[in-house]
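Novice: Sequence:
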Amino acid sequence: EEVWLSNGLGFMVGKDRYKMHLEEAADMVEKSSCNNHRAVNQANASRHKLESTGIGGVACARHGCFVPHSMVDFQKGERQATQMNMDYTLCEASQHNMEGITRAVTSHNTNCQYNKHLRVQVDQSRFLEMAPELTIIPGIGLWHVHGHQDSCY
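Quick note on the numbering used here: the sequence shown kicks off at 44 and runs consecutively.
Where hints are given, some of them may not hold.
[To be verified] Here are the computed distance ranges between Cβ atoms for each label pair:
#1 Glu67 to Leu177: 19 to 27 Å
#2 Gly57 to Leu177: 17 to 25 Å
#3 Arg169 to Gly107: 28 to 36 Å
#4 Glu67 to Val188: 31 to 39 Å
#5 Gly107 to Glu142: 17 to 25 Å
Hints listed in this document are in silico derivations from the structure and should not be mistaken for laboratory results.
All C-beta atoms, glycine included, are put in the ideal place defined by N, C-alpha and C.
Construct the entire structure; sequences and hints are all you get.
Specialist: See below:
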């Protein structure tokens, strides 16, 4: 039986709506167009008998804390291109205390791939919502940027 850590409380998202999102979201397998990143290309590797293979969330760069209700479980590692898990957490975070903010910087080791379909995924989902005027500025951390192509940033 699955046990949820603080269902919808603190930093975790509510399980019912999140599970409905996962059931409807497209789980596309797309090979990376950037240097064959292992994290991207092995995103859908089988993880037998595991309900969760990790967690993801959104943290405020200014304050260094996680955004409330923006932590999610990963089911198959780092699913990329559609990355249904992080789409959900980013959209949840973008609803919290964002009045007047029109730009957000994201940083992830495979951001060049993740951001390709973000707005399409948001527009096609009844569970994802992000203000159209919010511009997402993707970044790649210094540790990972050297494995990328110039076209990635």
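Novice: Evaluate each hint against the coordinates.
Specialist: Here is how each hint holds up against the structure:
{"no.": "1", "hint": "Glu67 to Leu177: 19 to 27 Å", "result": "holds, 23 Å"}
{"no.": "2", "hint": "Gly57 to Leu177: 17 to 25 Å", "result": "holds, 22 Å"}
{"no.": "3", "hint": "Arg169 to Gly107: 28 to 36 Å", "result": "holds, 33 Å"}
{"no.": "4", "hint": "Glu67 to Val188: 31 to 39 Å", "result": "holds, 34 Å"}
{"no.": "5", "hint": "Gly107 to Glu142: 17 to 25 Å", "result": "holds, 21 Å"}
In the structure shown, no violation is registered for any of the earlier numbered hints.
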